[in-house]
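Student: Protein chains in written order, with my numbering: chain A, 1 to 108; chain B, 1 to 524.
Rather than coming from a laboratory, the hints here were simulated on the basis of the structure. One should not assume that every hint holds.
[To be verified] Pulled a few chain A residues facing chain B out of the computed Cβ check, cut under 10 Å:
1) ARG3
2) TYR23
3) GLN29
4) ALA38
5) VAL42
6) MET46
7) GLY59
8) ILE64
9) GLY65
10) ARG66
11) THR68
12) VAL71
13) GLU88
14) GLY90
Ideal Cβ placement from N, Cα and C applies to all residues, glycine included.
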Amino acid sequence: MERIQTHPILGDSPKGKLVSFTYDGQVLQGIEGEPISAALRVAGVMTHRYTKKRHEPRGVFCAIGRCTDCVMVVNGMPNIRTCITPLEEGMDVRTQYGASDKREEATL
Amino acid sequence: MIKRYDLIVVGAGPAGLSAAIEAAKNGLKPIVFDENAKPGGQLFKQIHKFFGSKEHKAKIRGFNIGDELLREASENGVEVVLNATVIGLYDGKEVTVKIGEEILHYKGDSVLIATGASENMVTFKGWTTPGVIGAGAAQTMMNLHHIKPGNKVLMLGSGNVGLVVSYQLMQAGCEVVALVDAAPRIGGYGVHAAKIARCGVPFYLSHTIVEVTGAEAVNGVTIAKLDENFKFIEGTEKTFEVDTVCVAVGLSPMSQLLKQAGCEMKDTPGGFVPVCDDSGATSIPGIYAAGDVAGIEEASSAMIEGRMSGARIANYLGYLDEDALQARLAELEQALSSLRKGMFAPENRGKLVTKTEEGIDTSMSLLEKGYVADDEIEKYPGVTKGSGVHPVIECTQNIPCNPCQDACPKGCISIGSNITSLPVVKGDVACIGCGMCVASCSGQAIFLVEDDIGDGYGTVTLPYEFLPLPEVGQKGIALGRDGKEVCKAEVINVRSSTAFDHTHLLTMKVSTDMVMKARFFKAE
Chain A
1 MERIQTHPIL GDSPKGKLVS FTYDGQVLQG IEGEPISAAL RVAGVMTHRY
51 TKKRHEPRGV FCAIGRCTDC VMVVNGMPNI RTCITPLEEG MDVRTQYGAS
101 DKREEATL
Chain B
1 MIKRYDLIVV GAGPAGLSAA IEAAKNGLKP IVFDENAKPG GQLFKQIHKF
51 FGSKEHKAKI RGFNIGDELL REASENGVEV VLNATVIGLY DGKEVTVKIG
101 EEILHYKGDS VLIATGASEN MVTFKGWTTP GVIGAGAAQT MMNLHHIKPG
151 NKVLMLGSGN VGLVVSYQLM QAGCEVVALV DAAPRIGGYG VHAAKIARCG
201 VPFYLSHTIV EVTGAEAVNG VTIAKLDENF KFIEGTEKTF EVDTVCVAVG
251 LSPMSQLLKQ AGCEMKDTPG GFVPVCDDSG ATSIPGIYAA GDVAGIEEAS
301 SAMIEGRMSG ARIANYLGYL DEDALQARLA ELEQALSSLR KGMFAPENRG
351 KLVTKTEEGI DTSMSLLEKG YVADDEIEKY PGVTKGSGVH PVIECTQNIP
401 CNPCQDACPK GCISIGSNIT SLPVVKGDVA CIGCGMCVAS CSGQAIFLVE
451 DDIGDGYGTV TLPYEFLPLP EVGQKGIALG RDGKEVCKAE VINVRSSTAF
501 DHTHLLTMKV STDMVMKARF FKAE
């Protein structure tokens, strides 16, 4: 999804500092301090994790840190709520399978 | 060491901040904890103009009210601790707070819980597919983080949240393909529905989602009509190609801390809430609740409830004498009760109100399709005819709101002392066409109409809050209240002013016989 450049009520969106981070090893860019999930959505990433038993995809649902559907493995730490965790330069963001970043953790 | 405060507030939203401000003004030392990185609760996502009267900050946009509240809190020395999650409320009003990886203990001589509410969900096939999001999530993404939640969106839920967020999605540049609700009638304000309907968004009442498709992300949604037993009627399925489905099916109070503390609770249709008096006092002395956690309403009432609790707490701790408390409560009570009047008053929830307070039939077209039908509109007292430019106020439901009355410098518009009365356009006062009423109407329900400007044309001036802003001379199509094409139109004036607060006044020229039908401009 795109960023909103100019909004009829909010005006021009603030210009933040672009930083690089990795998503499953791939280098992406986002704005420093925005939620990790925002940077991912702009990059077209909708699936943040796969459930442990059924291997079903999950993404952002509440966007305010309540539902925990958007958790990923960030800098090696699993279960990080990406919708409320600010993006930092060099972050290592990985899809979460079950409770880790290992694909075999979420198999049928 | 346990730190002690006069008042511990949990939640820095409209209710919590208001309570802390009121308490601080009376000499208490309050501390406010909030789990979020920024204070203000959901106020900073509210970009529409609020309803009510001046005392409720009507016609001011939610995020601006949020700014005012933060300023007032800081002026009064209210300490707000962010990224601080209150995880426990125990005997003796002891509070445990998780800040970073630490758990800290605090003790309050009083505790106010103002934790707000969380969004409800309904389940359907595919409801967990990435791209199915809460309406609040959409608001957060577009109004706080400046990203589009999706390009093509279907909204489920026609309460005020569903209606307001649908409009905001369009303001953010998203296409809303349909607004769907299982209920047979629109739940939110008619004026909110009307401003979406005239842009051409179809409403599907008595419909709900059968299935969302897409393996890794939403790529479509199928809805179908429901019979009176809420069962799908075969053959009524409709499929939309969308990348996002927004769910706005109500809110539930986040009352867990109150339950944990042992407050007496009750199960209501609006959720699990504490039993408390008008000023938020729960069954445990010294523990209070205000805002959505004590019963879902809206930010305007939450702010008043917070003030009432703040005053009550000041009295409880001996900072405010009984007479002063009663005087303050009476004042606030009056402001609160005026917000709880009208067709959407708590006692009317879920009921069909068939007549306005003035005895005019309710528009069923508005309730079922989102717009007042052309042959119904002239029944309402704000819709008048006149020679020369004059306001046409398409306000047809009794809701607590009156900024239009003060907006007119000539005194053309009258609501009177009953805040829910429908506005009346006085025939004996000349309209100067300034448009202040158009911009002041939070429901965007006021238009300026001039029947005849010569050559068979008239003009319609409408509130416009989208980008790109049409330019003078631009040709396009006038859409009716139902969002369907009415006739050709040409923009002849666009007015913008700080006083209008981002609502632009767009004047279009249409043929004279269409001035009472044309209500939106679509560029060609």
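Student: Does each hint fit the structure? Answer for all of them.
Tutor: Status of the hints after comparison with the structure:
no. : hint  : in the structure
1   : ARG3  : holds, 5 Å
2   : TYR23 : violated, 14 Å
3   : GLN29 : violated, 14 Å
4   : ALA38 : holds, 4 Å
5   : VAL42 : holds, 6 Å
6   : MET46 : holds, 4 Å
7   : GLY59 : holds, 3 Å
8   : ILE64 : holds, 6 Å
9   : GLY65 : holds, 7 Å
10  : ARG66 : holds, 5 Å
11  : THR68 : violated, 12 Å
12  : VAL71 : violated, 13 Å
13  : GLU88 : violated, 14 Å
14  : GLY90 : violated, 20 Å
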